[in-house]
Amino acid sequence: MTKLQTLIPLIQATNHTPGLDPGKVEFSGAYVSDLLSDVMGSASSGQVWVTIMRHLNVVAVASMTGITAIIFAKGVVPDADVIEKATEEGILLLSSPMETFNVSGIIYQTLND
Amino acid sequence: MGEYWNIKPELEDSVKQHFSAPPEAEVELEFEVPEKDFNTAGRGSSEVKDLLKRLGVDSETLRRIAVASYEAEINLAAHSKGGVMSCMIYDDLIHLRFLDKGPGIEDITQAMIPGYSTADELVREFGFGAGLGLPNIQKNSDALHIQSAKGSSTLLELLIFFSAP
Numbered sequence: 470m471t472k473l474q475t476l477i478p479l480i481q482a483t484n485h486t487p488g489l490d491p492g493k494v495e496f497s498g499a500y501v502s503d504l505l506s507d508v509m510g511s512a513s514s515g516q517v518w519v520t521i522m523r524h525l526n527v528v529a530v531a532s533m534t535g536i537t538a539i540i541f542a543k544g545v546v547p548d549a550d551v552i553e554k555a556t557e558e559g560i561l562l563l564s565s566p567m568e569t570f571n572v573s574g575i576i577y578q579t580l581n582d
Numbered sequence: 025m026g027e028y029w030n031i032k033p034e035l036e037d038s039v040k041q042h043f044s045a046p047p048e049a050e051v052e053l054e055f056e057v058p059e060k061d062f063n064t065a066g067r068g069s070s071e072v073k074d075l076l077k078r079l080g081v082d083s084e085t086l087r088r089i090a091v092a093s094y095e096a097e098i099n100l101a102a103h104s105k106g107g108v109m110s111c112m113i114y115d116d117l118i119h120l121r122f123l124d125k126g127p128g129i130e131d132i133t134q135a136m137i138p139g140y141s142t143a144d145e146l147v148r149e150f151g152f153g154a155g156l157g158l159p160n161i162q163k164n165s166d167a168l169h170i171q172s173a174k175g176s177s178t179l180l181e182l183l184i185f186f187s188a189p
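Chains as they are written, first to last, in the numbering used here: chain A, 470 to 582; chain B, 25 to 189.
Don't read these hints as lab results, they were simulated from the structure.
Backbone N, C-alpha and C define an ideal beta-carbon position, used for all residues, glycine too.
A few of these clues could be false.
Unchecked claim - Quick list of the computed label-pair ranges, beta carbon to beta carbon:
(1) Gly492/A <-> Pro33/B: 43 to 49 angstroms
(2) Asn63/B <-> Met470/A: 30 to 36 angstroms
(3) Gln481/A <-> Glu48/B: 53 to 59 angstroms
(4) Thr475/A <-> Leu146/B: 47 to 53 angstroms
(5) Gly544/A <-> Asp144/B: 27 to 33 angstroms
Stated by the list, open to error - For lysine to any residue, the following SDA-like pairs were computed, each having C-alpha atoms within a straight-line distance of at most 20 angstroms:
(6) Lys554/A <-> Leu75/B
(7) Lys77/B <-> Asp507/A
(8) Lys77/B <-> Ser514/A
(9) Lys163/B <-> Gly535/A
(10) Lys60/B <-> Asp550/A
(11) Lys77/B <-> Glu558/A
(12) Lys472/A <-> Tyr577/A
(13) Lys77/B <-> Gly535/A
(14) Lys77/B <-> Lys60/B
(15) Lys163/B <-> Asp507/A
(16) Lys554/A <-> Asp74/B
To be verified - Here are some of the chain A residues that sit facing chain B, going by a computed Cβ distance under 8 angstroms:
(17) Pro487
(18) Ser514
(19) Met522
(20) Leu525
(21) Ala529
Only chain A is shown next, with the shape it has when bound in the complex:
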């Protein structure tokens, strides 16, 4: 298990859910996709999810699948209602200015260090 806090500086991420502590969230892997049914069909609980989809349904998908944090790539910033719902569900939301490929590469490296 890797602490989410370790990842934050590496992908230059901003935490949009200040009510949730990335120091307390751990993850075991990651899934990368912008198709919600693909995520529900193939992601595992305990993973983080990298996407550029930013509407409210991403929170429901993460919650149903057991995903601990959503990382928005390419500087995508979620709306206030998405942040509110995620905080309620205990799902951390991060934004990284990097592209999906680079974010994924850094996560891969962090997991395999």
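Once you have looked at the hints, place chain B on chain A.
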């Protein structure tokens, strides 16, 4: 009238037993799922998931139930004129039923093929419509039953056992 069944072979007896003589449910819940409302769709699944979590259902079973249920709710919102989700919880299993107001599935076998979709642009904009909903429901269910015909309502029901007998 088209009908589709998929039952895990090792659970066939328990599934048949359940459908032929269903016992009284411990908990029964009902939720409206309106057409093209992707924010309301998912409320039922979320509530059921929270309840089962409190009842002590393990996290992997919880994930399977939540995913199958949410996909089915999204299907009602995306493809039907709206419908009702009913949830019956028993000692050893959950029975979920989704009954919509049409317009029905013309060819259920085709609808089960991963990647086949009739979703419109709006549905796709929301990140759905990849043709993976029904396959995901089947993958996570112990028993799946679909009954439909063009021009009529669709009934989709599924069983998931809390711990495989």
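| request: Would you check the hint for Lys77/B and Lys60/B, treating anything up to 20 angstroms between C-alpha atoms as holding? | output: Given that 20 angstroms is the threshold and the Cα spacing comes to 28 angstroms, the pair is violated.
| query | Once the shortest beta carbon distance from Met522/A to chain B is found, is it less than 8 angstroms? | reply | holds (5 angstroms)
| task | For the pair supplied as a hint, Lys472/A and Tyr577/A, confirm whether the alpha-carbon distance does not exceed 20 angstroms. | result | Holds, because 13 angstroms separates the two Cα atoms, which is no more than 20 angstroms.
| said: Would the hint on Leu525/A be counted as holding, given a Cβ-Cβ threshold of 8 angstroms to chain B? | reply: Nearest chain B Cβ about 6 angstroms off; hint holds.
| message | Just to be careful, I want the Cα atoms of Lys60/B and Asp550/A compared with a cutoff of 20 angstroms; is the pair within it? | response | Satisfied, since the Cα-Cα distance of roughly 19 angstroms is no more than 20 angstroms.
| said: Let's test the interface hint: is any C-beta of chain B closer than 8 angstroms to that of Ala529/A? | reply: Interface hint status for Ala529/A: holds (4 angstroms vs cutoff 8 angstroms).
| said: Please check whether Gln481/A and Glu48/B have a Cβ separation lying inside 53 to 59 angstroms. | reply: holds (57 angstroms)
| task | Compare the distance between the alpha carbons of Lys77/B and Asp507/A with 20 angstroms, and conclude whether the hinted pair is satisfied. | result | violated (24 angstroms)
| task | With a cut-off of 20 angstroms on the C-alpha distance, tell me whether Lys554/A and Asp74/B pass. | result | Measuring from Cα to Cα gives roughly 15 angstroms; hence the hint holds.
| field | Restraint status (C-alpha distance of Lys77/B to Ser514/A at most 20 angstroms) | value | holds (14 angstroms)
| message | Quick check on the hint: Pro487/A CB to chain B CB, less than 8 angstroms? | response | violated (23 angstroms)
| said: Does Asp507/A sit within 20 angstroms of Lys163/B, going by the straight-line distance between their CA atoms? | reply: holds (12 angstroms)
Checked against the numbered hints listed earlier, the structure breaks hints 4, 7, 14, 17; every other hint is satisfied.
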